[in-house]
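Here are the chains, one letter per residue:
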Amino acid sequence: MLTALDKKLLQEIADLHGEPPGAFNIRKDGEGIERRSLEGIEIKPKKDQPGIEVIVAPGKEGTVHIPVILTETDLSDLVYNKIDIGEQANITLVAGCGIHNPGTGNAQHDGIHEIYVRKGARLVYTEKHFGEGEKGGKKVLNPKTVLYVEEGAYAELELVQIRGVDHTTRVTEAEVQAGGRLVMYERLLTDGEQSANSDVLVKLMAEESTARIVSRSVAQGHSRQSFNPRLLAYGPGRGHVECDSIIMDQATVRSVPEIWAENSEAELVHEAAIGKIAGEQLIKLMALGLTEEEAEEAIINGFLK
Amino acid sequence: MLSLENIYLELEVEDQKVPILQDVNLNFEAGKMYALTGPNGSGKSSVARVAMGIYRQSSGKVLYNGEDISNLGISERARRGIGYAFQHPPRFKGMPVKDMIEMAFKYSDGYDCQVLRDIGLCPDQYLERTLDNSLSGGEIKRIEIATLLAQNPRVRIFDEPEAGIDLWSFEQLIDVIGNSHRQDTTTVVISHQEKILNMVDEIVLIREGTVSMRGSREEIWPQIKESAECPCRKSCRLEEEIYADCPR
Chain G
302 MLTALDKKLL
312 QEIADLHGEP
322 PGAFNIRKDG
332 EGIERRSLEG
342 IEIKPKKDQP
352 GIEVIVAPGK
362 EGTVHIPVIL
372 TETDLSDLVY
382 NKIDIGEQAN
392 ITLVAGCGIH
402 NPGTGNAQHD
412 GIHEIYVRKG
422 ARLVYTEKHF
432 GEGEKGGKKV
442 LNPKTVLYVE
452 EGAYAELELV
462 QIRGVDHTTR
472 VTEAEVQAGG
482 RLVMYERLLT
492 DGEQSANSDV
502 LVKLMAEEST
512 ARIVSRSVAQ
522 GHSRQSFNPR
532 LLAYGPGRGH
542 VECDSIIMDQ
552 ATVRSVPEIW
562 AENSEAELVH
572 EAAIGKIAGE
582 QLIKLMALGL
592 TEEEAEEAII
602 NGFLK
Chain C
768 MLSLENIYLE
778 LEVEDQKVPI
788 LQDVNLNFEA
798 GKMYALTGPN
808 GSGKSSVARV
818 AMGIYRQSSG
828 KVLYNGEDIS
838 NLGISERARR
848 GIGYAFQHPP
858 RFKGMPVKDM
868 IEMAFKYSDG
878 YDCQVLRDIG
888 LCPDQYLERT
898 LDNSLSGGEI
908 KRIEIATLLA
918 QNPRVRIFDE
928 PEAGIDLWSF
938 EQLIDVIGNS
948 HRQDTTTVVI
958 SHQEKILNMV
968 DEIVLIREGT
978 VSMRGSREEI
988 WPQIKESAEC
998 PCRKSCRLEE
1008 EIYADCPR
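Which chain is which? The protein sequence lines are G and C, in order. Once you know that position 176 of the first sequence is 477 in our numbering, the rest is easy, because the numbers rise by one and skip nothing. Once you know that position 76 of the second sequence is 843 in our numbering, the rest is easy, because the numbers rise by one and skip nothing.
Any given hint might turn out to be false.
Not the full set, but computed from the structure, chain G residues with beta-carbon under 7 angstroms of chain C [unchecked claim]:
1) Gly363
2) Gly434
3) Lys436
4) Glu581
5) Gln582
6) Ile584
7) Lys585
8) Met587
9) Ala588
10) Gly590
11) Thr592
12) Phe604
Cross-link-like lysine-lysine pairs, in silico, DSSO-like; alpha carbons within 27 angstroms at most [unchecked claim]:
13) G:Lys577 x C:Lys860
14) G:Lys606 x C:Lys873
15) G:Lys329 x G:Lys347
16) G:Lys606 x C:Lys860
17) G:Lys606 x C:Lys865
18) C:Lys784 x G:Lys577
19) G:Lys420 x G:Lys347
20) C:Lys860 x G:Lys429
21) G:Lys309 x G:Lys420
22) G:Lys577 x C:Lys865
Read the hints as simulated data drawn from the structure, not as lab findings. In this text, a Cβ means the ideal position worked out from N, Cα and C, and glycines have one as well.
Work out the full structure: start from the sequences and follow the hints.
Spelled out as structure tokens, the structure:
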């Protein structure tokens, strides 16, 4: 039975206002508490490790929600999820983790996702992180996503963390086969003493494989961010890495994009920028009547949209 | 409606105070259209930026409907009814046109998306577009004009609205500026374009940071044309030196 707090966390991370549509698995404080499989979308617990297996039959269309919520302090939750999207299937998968830490100890979730997007399949994957708590206990999230995009498949990842998480180390790895396409959007905002590290490694394995990695972040307060997106082309693939950060207050941002080609037909591009909010942008919005604080918020919201 | 009294402005450039405006006195009345014109770098945009509160004058006063607004910030002046369309509007990564227009509506009496149509931009095509490098300079400029119209201020200052706009859109732009002007509004257009200078009630010529000439279009326009003739005919020492060997 979901409590009001559980429902609030689910709304924050998955925009859920009740029972999720489609197939789902809700994990709370280290245990699966509600689950529903559908014809063609099977969700079952793993036998050898904590976590679940999601198996989508070829050609199946639908949505799958697998949110995780933590509501206790002094809790460390580790899961290994395996997701297999069958050939020609079309799936929207909503993951994410919401933490309400009621105490002074740590509340930590380490989620390791192994995702197979089989030939010709399409996956839109959203992972949103959220943290809250009044007594100062840390909220820590360390997701690792390993993705295999097979021939002609398409995978779109949207990875979002807007405030509330004290520390995160995110690892994303992907292999894209011939004709496969990967698009990854990462949006991150840190504040106070928070820190966030993101390591991305995308391998373009064969001809006509493409990847686009877009990272947008805002670092406020004394927070620290580090980005290390790497794009490797073993075959004649095409890829673009774009890292863009707004730095404010006494924050620190480190961005080290890397492109690496092992094939003379590969085309790889990277762009990285770190800068403060432009004065003319603030002036423009203030000339519409917004206060400086409202203008700053509007610019950040747009940037992270 | 809006007055600038004895305005002096100095800006710091490379640790040096540079005089930009000297003893500028201007009064813009309700129901009238004005053009500020003059050579590049003469201080036209600086006059507008002092009026909007973007630059703070070194001395002098800015009055709006008789109230001294010299110490008010940009936001407060905007909320009172002063609007400024930038010569070079900034771009905003990720911000949709719709959000910008909605922010402009926030303190206005209420307009609708007709403002985009007025300026030749179909709302269906543009509202979801983002104000970044995916839009051309001309599109950004037209959205800037639409934003000012959405804001619906009493004093509307257009800073070189024609810059970067194609000829076809320019004709439309003149219509939009003309049609948006009302008896209770004051329109100030910074421009070098004859067509714009022809549509206003008064022309102000700014030269070297001061008001060099001011008057009705009929009075001023012939003098401006005269003064804008070939510099070799003027008694400028530097030009005389440069053109010392000029066979003319």
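Could you work out which of the previously given hints the structure breaks and list their numbers from low to high?
1, 2, 3 and 21
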